[in-house]
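**Student:** Residue numbers (this note's numbering), protein chains in the order written: chain A, 1 to 332; chain B, 333 to 860.
In short, the hints are calculated from the structure, not lab data. Hints are supplied without guarantee of correctness; some may be wrong.
Claimed, not checked - Lysine to any residue pairs mimicking SDA-like chemistry, simulated, CA-CA at most 25 Å apart:
(1) B:K408 <-> A:G290
(2) A:K314 <-> B:D475
(3) B:K769 <-> B:V505
(4) B:K408 <-> A:A287
(5) B:K408 <-> A:A288
(6) B:K408 <-> A:D279
(7) B:K408 <-> B:A443
(8) A:K294 <-> B:D475
(9) B:K615 <-> A:D104
(10) B:K607 <-> A:R101
(11) B:K615 <-> B:P375
(12) A:K294 <-> B:D438
(13) A:K314 <-> B:P479
(14) B:K615 <-> A:R101
(15) A:K314 <-> B:R480
(16) B:K408 <-> A:T282
(17) A:K294 <-> B:A442
(18) B:K637 <-> A:D94
(19) B:K404 <-> A:T282
(20) A:K294 <-> B:G444
(21) B:K607 <-> A:D104
(22) A:K83 <-> A:M234
(23) B:K404 <-> A:A287
(24) A:K294 <-> B:A443
(25) B:K408 <-> A:T278
(26) B:K404 <-> A:G290
(27) B:K404 <-> A:A288
(28) B:K408 <-> A:R286
(29) B:K404 <-> A:D279
What the hints assert, rightly or not - Label pairs and their in silico Cβ distance ranges:
(30) B:N628 <-> A:G84: 41 to 47 Å
(31) A:E75 <-> B:K615: 23 to 29 Å
(32) A:D174 <-> B:P479: 48 to 54 Å
(33) B:A401 <-> A:G215: 29 to 35 Å
(34) B:L359 <-> A:E75: 36 to 42 Å
(35) B:P334 <-> A:G84: 47 to 53 Å
(36) B:T828 <-> A:G84: 56 to 62 Å
The beta carbon of each residue, even a glycine, is placed where N, CA and C say it ideally should be.
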Amino acid sequence: MANQYLRSAQRAAGRAERVVRSAAKPLRSYGFPYRAPNVPKGVEVPKEPSRLGADYDTEWARTPVARAARGLIAEGPLRLLVKGVANPDVVGLDRLHDLSRHDDPPPVIFAPNHHSHVDTALMIRSIPLCWRRDLVVAAAADYFFDKHWKAALSALSLNAIPIDREVTGRKSSDRFRDLVADGHSLLIYPEGGRSPDGWGQEFKGGAAYLAGRTGVAVVPVFIDGSGAIFGKGMKRPKPGRTKVVFGAPLRPADGENTRRFNARIEAAVTRLGDEALTDYWTATKRAAQGVSPKLTGPEYNGWRRQWELGEHRKLGAAGLRRRQQRRWPDLG
Amino acid sequence: MPRPGFVLEVDRSTPPILFWRGEGFSLEKLPADRSRVIYPAEPLAGLDDVDGHIRNALLNPVDMEPLPALLKPDMKLTICFDDASLSLPKMRRPDTRQRIIEAVLDLAAAAGVDDIHLIAALGLHRRMHEYELRHVLGDRIFDAFHPRGMLYQHDAEDPDNLTVIGETDHGEVLEINKRVAESDLVVYANINQVAMDGGWKSITTGVASYRCLSFHHNPVTLQNTRSLMDRHKSDLHKSVWRLGKVLQDHGPKIFTVETTINTDAFPSPFDFLSKREWEWSAKDRALYLGTQKSLNRTPNRLARKIFHSIESPYATTSVQAGFTPSVHELTLEHVYAQHLVPVEGQTDILTMGIPFISPYNPEGIMNPILVMCMGLGYLFNMYRNKPLVREGGVVIMTHPTYREFNPVHHPSYIDFFDEVLADTTDPVVMSEKWEKKYAEDEWYRHLYRTGNAYHGVHPFYAWYWGAHGQQWAGKVIIVGGDPSTVRRLGFTPASTMDDALEIASDVVGRSPTISHLHVPGVLVADVT
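With the hints as extra help, turn the sequences into a complete structure.
**Tutor:** Have a look at this one:
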C-alpha cells in the first residue's frame, strides 16, 4: 500500500518537472537583455556606490504619506510597546515651556543618555507632540542602515537618519543643518551607542557641534531604568519601569567651543541623573559643588563595578519595580 | 501690538454686552446713548526668556547687592512665596514662583547654603492642598523639600513660632513668623496680578499674626482705602508701609522678587470671553451659545469643576528684584501699563458681572459673602482718583448668589452668614460686636491650623474689603441672585437687568448714566 502511494507521488513529481521544463525552455532561449549579461573574461566591473550605511537616502521617509504612516505607528504599536515594556514616568517638561508655548516651537536637539534599544521609542513617546511630529532620530549608520530592510524600517517607523558613530562628517553635518532649517528637531545620543556594561559612556561632541553649527538649543535628557529592561547583551526585554527627566535647554555661550559645550551638556545630563535618583535639591547642591555621581560609574573595573551598578539601580526606576513586588501572601 | 483699553459709548448699534454670572454668563443690552462700557487693554506681550530675566534680576537687583553676594554657607535663608490666591485663575505650569525659587536655589547651592526653609505666605488664608503646592512650586521643589520638613505653610496662630519685631509710631505691632524674623536673608517670590499686591504688603501680611493684621484689616481703615489699587490713597497700604519700615529697620534683610503678568486669562475654547463682542467670529458665537446653554443645564458642582480646572496661559511681562519699596515702584509701572484705562467722569450706575472666582475661593465655592467681597471689594475698587459711580449711586451686579458654602474651606463663613449677617451688615458694628468671638474660636483655629480652612475671622475681612463700596453706593442690586440670600447681604434682588434698572430709578432717576466694567480682562479705571 505504501509503495503504491510512493509510486503515485513519483509520477506526479515527474509530471510537474516536465511542465516546468517546458515552461522554462522559451525563457532560456531568450538571452541578454532578457537575462543578466555575462561578464567577459579579463574585464573588471566597477562596484556601484553603496546606498546603505551613512549614504542611505531617507528623504522618502519625510513625505506626507510616510509621515502619516509614522503617526499611526507612534500612536499604535509604539505607544503600546512603550507602555507595556517601559511604563515611563516623564518629568521636567515644564523646563521646556518657554520654547513649547509658541505655536510653532523652534527646533531643538534632544540629547539623552543611551542604555537600550527601548530608548528611542521611549523618547519618541516622551517628547511633546509639538516636536515629535518633526523629530528626526540620528541612528548608527553601521547598525541600523547596514541592510535595506533595516534601513527602510528605521527610516519609516522612527524617521531615523544615518550618522557615523565616531565622527560627524561634513556630509552628515550638512544634512542635519538642512533638516533643522526645515524645522526638524533631532534626537542624538551623545554617547554614540548603547552602554556596554550598564554605566554611561563619555559624551562625544556630535550634539554640541551640531548645536554650534545650527544655532539651536540642546535639551539634556536622562533616561533611567531602560538598561535593566533591554540593555546591551540581553536576549529579550524584561518589562519594568523607567523615568525620563528633561532638563532646561542649553545654548552655546559666546566663544564657547564644541568641547566645552559638550562638557556642559554632559554635566547637565549627569545632574539630571542625580536628580532622577535623589531629589532636585540634593542634585543641585552636588552639581554646584562638582560632586555629582558620574554617569560613567566608578573608576575601578571588574566585579566591584558591576556590584555597584546593582546598588545604583536599586535607587532608580528599575529598583522601584523590584521593591513594589508583592512578597506577602494574600490572607484575604 | 496689543490695543489699549478704551471706553465704548453705547448706541443703538452696539451689540449686547457680556456679563459674568458666576459659573455662567449672559449678554445684556444696555440703554443706548447714556451707557458706556470700559474695555480692558489687550494682553501685553510676555518676556521670551523668563528664566533669563529672573536670573538677570537676581544678579542686578535694584538698590541692593546682587543675590550671590548676600548668600553665605552658614546662613539661615528663608524663601517665602505667595499662596494659591494668586494668580486667578491659576497659571499654567511652570508657575512663575517655581521659576524664581529654582533660580534662587541654584545660586544658594553654588554658595553652599544648607539651612533653607520655604514658607507659603498664607496670612489668614487656608493652607494649600498638596496638589496646589505642587502646582505653585513644581514637583521637583516639593519632592526635595517637603519630605524633609523644609517646605511648610505659615501658621498665624502658632504662638511658639511668632515673634514681635517692633511697633510703628501709630501703635501698630509687627508680629511675624519666627523663622522669617531670625533669618539672615529672606527672599520673597511674588506674582503681582493687580496693583494692590506686592511691596511690603506681601511679607507683612503673608507671614504675620492675626494681631498684626487686625491693625489694618478693619472697617475704618478699609473705608478710607480709596482705592485698593492706588497705594498712595489707601490707608491699608499706608499702615502696611509703616509696618514695612519697622521690618526694614529691625527685621531680617529682605530681598524681594516681583513679577507682573499680562491679562491672557482664558485659553481656548473660553478665549472668546476676552474678545470684544463685535469681534466675535461665527465660531466664537457658536462657542458662546453652546457653552452658555450647556452651563445652564449643568449642575453647579460640575460647572465649578470645569471652570476651576482652567489653567491660564498668562505670560510674564516683567521681573524685578532687590529692595522691596524700590522694586514695587517698578512693578506698579508695569501693572498700570497693562491695566490703566483713562475714563472721564462718574456715572449714576455701575454694572459688573461677578465671575466664578475670587482670591478667597480658589478650587472652592463662591459663597454669598465672597460675591459681596468680589463686587464691592475688588471690582468696585478698580479705579484711581475717584470711583466710576458717583457717591450715592447704584451698583448692579450679576451673579446667581446661591446659598452654598464649602464647609472645608469656609466653615466660619457659614456661621457668619447665619449669625452675624442676620444681625447686622454694618462692618463697624459687626467688628465691635462679633469679630473677637470668631477670631478666637478654638474650633475655627483648629481647622485653620490643621485642615484647609480660612481663619475664623476671615469672613469679617472679606466683608470689610467691601466696606468702602458699601458706604459709597446708595443701593446695591444683584441680578439673578437667590432673593433671600441677596436680602441677607443687605442688597436688593432683581430678576433681569431691565428690572434692576427700574429698581435703580428710585435712587438715580429715570434716565441715569451707566458705566459697565467689562470683565474678564482686568482694568483699573483712571477716572478724571
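**Student:** So, for every hint listed, does it hold in this structure?
**Tutor:** Verification of the supplied hints:
{"no.": "1", "hint": "B:K408 <-> A:G290", "result": "23 Å, holds"}
{"no.": "2", "hint": "A:K314 <-> B:D475", "result": "19 Å, holds"}
{"no.": "3", "hint": "B:K769 <-> B:V505", "result": "21 Å, holds"}
{"no.": "4", "hint": "B:K408 <-> A:A287", "result": "21 Å, holds"}
{"no.": "5", "hint": "B:K408 <-> A:A288", "result": "19 Å, holds"}
{"no.": "6", "hint": "B:K408 <-> A:D279", "result": "21 Å, holds"}
{"no.": "7", "hint": "B:K408 <-> B:A443", "result": "12 Å, holds"}
{"no.": "8", "hint": "A:K294 <-> B:D475", "result": "23 Å, holds"}
{"no.": "9", "hint": "B:K615 <-> A:D104", "result": "23 Å, holds"}
{"no.": "10", "hint": "B:K607 <-> A:R101", "result": "21 Å, holds"}
{"no.": "11", "hint": "B:K615 <-> B:P375", "result": "21 Å, holds"}
{"no.": "12", "hint": "A:K294 <-> B:D438", "result": "20 Å, holds"}
{"no.": "13", "hint": "A:K314 <-> B:P479", "result": "20 Å, holds"}
{"no.": "14", "hint": "B:K615 <-> A:R101", "result": "23 Å, holds"}
{"no.": "15", "hint": "A:K314 <-> B:R480", "result": "21 Å, holds"}
{"no.": "16", "hint": "B:K408 <-> A:T282", "result": "18 Å, holds"}
{"no.": "17", "hint": "A:K294 <-> B:A442", "result": "19 Å, holds"}
{"no.": "18", "hint": "B:K637 <-> A:D94", "result": "24 Å, holds"}
{"no.": "19", "hint": "B:K404 <-> A:T282", "result": "18 Å, holds"}
{"no.": "20", "hint": "A:K294 <-> B:G444", "result": "20 Å, holds"}
{"no.": "21", "hint": "B:K607 <-> A:D104", "result": "23 Å, holds"}
{"no.": "22", "hint": "A:K83 <-> A:M234", "result": "20 Å, holds"}
{"no.": "23", "hint": "B:K404 <-> A:A287", "result": "17 Å, holds"}
{"no.": "24", "hint": "A:K294 <-> B:A443", "result": "22 Å, holds"}
{"no.": "25", "hint": "B:K408 <-> A:T278", "result": "23 Å, holds"}
{"no.": "26", "hint": "B:K404 <-> A:G290", "result": "18 Å, holds"}
{"no.": "27", "hint": "B:K404 <-> A:A288", "result": "14 Å, holds"}
{"no.": "28", "hint": "B:K408 <-> A:R286", "result": "19 Å, holds"}
{"no.": "29", "hint": "B:K404 <-> A:D279", "result": "23 Å, holds"}
{"no.": "30", "hint": "B:N628 <-> A:G84: 41 to 47 Å", "result": "44 Å, holds"}
{"no.": "31", "hint": "A:E75 <-> B:K615: 23 to 29 Å", "result": "27 Å, holds"}
{"no.": "32", "hint": "A:D174 <-> B:P479: 48 to 54 Å", "result": "50 Å, holds"}
{"no.": "33", "hint": "B:A401 <-> A:G215: 29 to 35 Å", "result": "34 Å, holds"}
{"no.": "34", "hint": "B:L359 <-> A:E75: 36 to 42 Å", "result": "41 Å, holds"}
{"no.": "35", "hint": "B:P334 <-> A:G84: 47 to 53 Å", "result": "48 Å, holds"}
{"no.": "36", "hint": "B:T828 <-> A:G84: 56 to 62 Å", "result": "58 Å, holds"}
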